[in-house]
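Protein chains in written order, with my numbering: chain A, 1 to 165; chain B, 1 to 587.
Just so you know, these hints were derived from the structure itself, not from any lab.
One thing to keep in mind: the hints can contain errors.
Below, simulated SDA-like cross-link-like pairs (lysine to any residue); rule was C-alpha separation at most 20 angstroms, straight line [claimed, not checked]:
id, chain 1, residue 1, chain 2, residue 2
1, B, K92, A, Q57
2, A, K47, B, P130
3, A, K47, B, G134
4, A, K118, A, E92
5, A, K47, B, G133
6, B, K92, A, T61
7, B, K92, A, Q73
8, B, K92, A, L53
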Amino acid sequence: MDEDDCMVSVAKFYLEFTVGESCGKCTPCRIGNKRMLEILTRITEGKGEMADLDQLQNLATVIKDSALCGLGQTSPNPVLSTLSNFRDEYVEHVRAHKCRAKKCKALLTYTIDPLRCKGCSACAKSCPAQAIMGETRKPHVINPYVCIRCGMCISRCHFGAISVI
Amino acid sequence: MEKKIKLTIDNRPVRVAPGTTILDAAESVGIAIPTLCHIDLKGTCVKNNPASCRICVVEVEGRRNLAPSCATVCTEGMVVYTNSARVIRARKTIAELMLSDHPNDCLTCPKCSDCELQRLVMRFNIREMPFTGGEQSARKKEITAAITRNMDKCILCRRCESVCNNVQSVGVLGAVRRGFDTTIAPTFDRMFKDTDCTYCGQCVAVCPTGALTERDNTDRLMEDLCDPNKIVIAQPAPAVRVALGEEFGMKPGSIVTGKLVTALRYLGFTKVFDTDFAADLTIMEEGAEILKRLKAFLAGDKSVKLPIMTSCCPAWVNFFEHNYPDLLDYPSSAKSPAQMFGAIAKTWWCERRNINPKKVVVVSIMPCLAKKYECEREEFCPDGQPDVDYSISTRELARLIKRANIRFTDLPDSDFDTPMGESSGAGAIFGATGGVMEAALRTVYEVHTGKELQKIEFTEVRGLEGIREATIDLNGFPLKVCVAHTLSNARILMDRLRKGELDYHVVEVMACPGGCIGGAGQPYHHGHVEILQARAAAIYREDEGKAIRLSHKNPDIIKLYEDFLGEPLGERSEQLLHTHYFNKQIQ
Ligand code: SF4
Ligand code: SF4
Ligand code: SF4
Ligand code: SF4
Ligand code: SF4
Ligand code: SF4
Ligand code: FES
Chain A
1 MDEDDCMVSV AKFYLEFTVG ESCGKCTPCR IGNKRMLEIL TRITEGKGEM ADLDQLQNLA
61 TVIKDSALCG LGQTSPNPVL STLSNFRDEY VEHVRAHKCR AKKCKALLTY TIDPLRCKGC
121 SACAKSCPAQ AIMGETRKPH VINPYVCIRC GMCISRCHFG AISVI
Chain B
1 MEKKIKLTID NRPVRVAPGT TILDAAESVG IAIPTLCHID LKGTCVKNNP ASCRICVVEV
61 EGRRNLAPSC ATVCTEGMVV YTNSARVIRA RKTIAELMLS DHPNDCLTCP KCSDCELQRL
121 VMRFNIREMP FTGGEQSARK KEITAAITRN MDKCILCRRC ESVCNNVQSV GVLGAVRRGF
181 DTTIAPTFDR MFKDTDCTYC GQCVAVCPTG ALTERDNTDR LMEDLCDPNK IVIAQPAPAV
241 RVALGEEFGM KPGSIVTGKL VTALRYLGFT KVFDTDFAAD LTIMEEGAEI LKRLKAFLAG
301 DKSVKLPIMT SCCPAWVNFF EHNYPDLLDY PSSAKSPAQM FGAIAKTWWC ERRNINPKKV
361 VVVSIMPCLA KKYECEREEF CPDGQPDVDY SISTRELARL IKRANIRFTD LPDSDFDTPM
421 GESSGAGAIF GATGGVMEAA LRTVYEVHTG KELQKIEFTE VRGLEGIREA TIDLNGFPLK
481 VCVAHTLSNA RILMDRLRKG ELDYHVVEVM ACPGGCIGGA GQPYHHGHVE ILQARAAAIY
541 REDEGKAIRL SHKNPDIIKL YEDFLGEPLG ERSEQLLHTH YFNKQIQ
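The shape of chain A in the complex, shown without the other chains:
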């Protein structure tokens, strides 16, 4: 784990594991972890709300406090520690729809720098979503509503005109 990691994604990654491993016997682990995972997923998709952070905190505390076995009692730890040490990152995801580590795909925006773009259309030809428009030899633009954030265009551009913000 380093500065390039998204703390929300890290918490989500661990939770995916516990949800997969939960035996389903006790309520807090069976349903609680599933609900935490759903909330984290919402946040990484830019659909989170500030109330979700309180909800997460509450759920994580209760699950840790009341689950039957070690799996459920430890499963909320990544959520609890990231929430207390990296709360600003959570808030950024929710309020600014921004993932500073650029790990949350749904929060990324692919843009073309009009000063660098030569209008070669290499990107547009490679785009599986046909999200890139522009006339030859004129700067191209990416329609953010159509873009599926696959990253294909970046690798095709010879002029370094495309970036992610």
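Mind docking chain B with the ligands on chain A? Use the hints.
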């Protein structure tokens, strides 16, 4: 004296015996910790203690996390809080989580107002649903002859699984899939009808929610009662009259026979007869069978099948048909009282009154769900016409009474109609475990010895012990009898029989804990064994209050034999009152 453990719960000092759980310790000082998965019908084998719902968590000083009070044993000096902010929040959150995977349609739920989950939600002051998210979708719904299954309402307490496995030893129910997708179902997620399910309904009796309920026949009955072309006749079972009152706020153990008859009349039944009458008839037939086999045995006939086993519980019949098809010759061939009643009503009663039996609808009112299934057995539907058209449970009857605007507690008493309304105390005690045996012994003794019983009660066969045995002196012959309730106890006996190690002469089996008083159609006991005890006591009080206490002295029974049947085990009796069993083993 045993050393007591001292602790405090919510700042109150408590002293309990070693091994007591926090839940029971709290209860002893009037602190009612909420529970959901836990059930313990003390004194019977009905118990579920997986500590899995986590609703009962409490705070224990010095402990890192919260403790499930139902599964945590008290230790010396323990300091427990059952209502701290931390506990209250955890409990509420856990309940909210349950609701987030629940249909929450209480208004139209069959369990509404009698649901343990609903009660918790009210108690925890939950006013909104904070969690949204996916609901488990792979859960099944099924309506069988006896049971309605709606697994969307299951909260996975697994009481049903414990009961089916441990109490009934049928082992139909278990967890299918894991994690969030867990559901409780027969193995391979089959349907009930494709399993060894006996329809005892004990899973229904313990289910805290609307996931498992009875198959509802109330609408059907309402329609029949309103149909001027139909003659609808009622026969309530012995155990109904000592439990129905509970549905109207009366004390458990209230005997409401008179009000029951009035209510049935007000509901529009043309005739209100009594299954107790048919219970006396059962004793006549089964008693004759016992005597016949005994006589052959005493005459040295080695091929006679002993012990003879009772056959009035349809769940038990299912059980031996599925599991012991090699031993089908042992149980008595006598039909259950309800079925005997149907057969007599649609022949004798119809003939004498010049009524077309096709116009008659016989409805049995039973503490039982298996009886619903029993009505549909082919051999009880000669020419496609069922002897008993259908059965409703005690709970369904209570709902009907409420729906028909009848204020039950204010009803006057009235008497059953004749000629199938008179019964003896022996018929009345059929409702409790040991009752059929005791009723049979009363008659067998008098008929066999030709002497009058000095003491009518055979108290040695009463009680809640899972398997009870007694030896009765029949004119010098030691008659060895055994009484078992719940099917796990029946299995113990049947396994011994298979090995040739069961040396009783007569065995009674009832599938439900406590017998029919604990049947799955009765008002829910919610884990309170006192309710079953009160019902059993009422059954024996009812017996004591009867003028006639022996089946063979019931004048209506005597008349039926004189007028129609001839004699027990006679040709007509064999044809109408006896049945045969089938190999139903699932390959
Ligand atoms: S905490 Fe343990 S017992 Fe409870 S569901 Fe998770 S894995 Fe199963
Ligand atoms: S990221 Fe993919 S979808 Fe978006 S513009 Fe580039 S190539 Fe097209
Ligand atoms: S099972 Fe209980 S809580 Fe659920 S809908 Fe039915 S009554 Fe309501
Ligand atoms: S009805 Fe009886 S046998 Fe059938 S699943 Fe329920 S407990 Fe088991
Ligand atoms: S069906 Fe009822 S008894 Fe069985 S696990 Fe579900 S809620 Fe519990
Ligand atoms: S014991 Fe009684 S209530 Fe239970 S299944 Fe048998 S007949 Fe029905
Ligand atoms: S009642 Fe104690 S964990 Fe369910």
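Results of checking the hints against the structure:
A C-alpha spacing of about 15 angstroms is found between K92 of chain B and Q57 of chain A, which places the hinted pair at or below 20 angstroms, so the restraint holds. Distance check on the hinted pair: K47 of chain A and P130 of chain B sit about 16 angstroms apart at the alpha-carbon level, within 20 angstroms; holds. With a C-alpha separation of about 16 angstroms, the suggested pairing of K47 of chain A with G134 of chain B holds against the 20 angstroms cut-off. Only pairs whose Cα atoms come within 20 angstroms are accepted, and K118 of chain A paired with E92 of chain A is rejected, the gap being roughly 34 angstroms.
Simply put, K47 of chain A and G133 of chain B have alpha-carbon atoms about 13 angstroms apart, close enough for the 20 angstroms limit, and the pair holds. For the given pair, K92 of chain B sits about 13 angstroms from T61 of chain A by alpha-carbon distance, which is consistent with the 20 angstroms threshold. The straight-line distance between the Cα atoms of K92 of chain B and Q73 of chain A is roughly 18 angstroms, inside the 20 angstroms bound, and the hint therefore holds. Of the pairs offered as hints, the one joining K92 of chain B and L53 of chain A holds, with about 18 angstroms between alpha carbons and a cut-off of 20 angstroms not exceeded.
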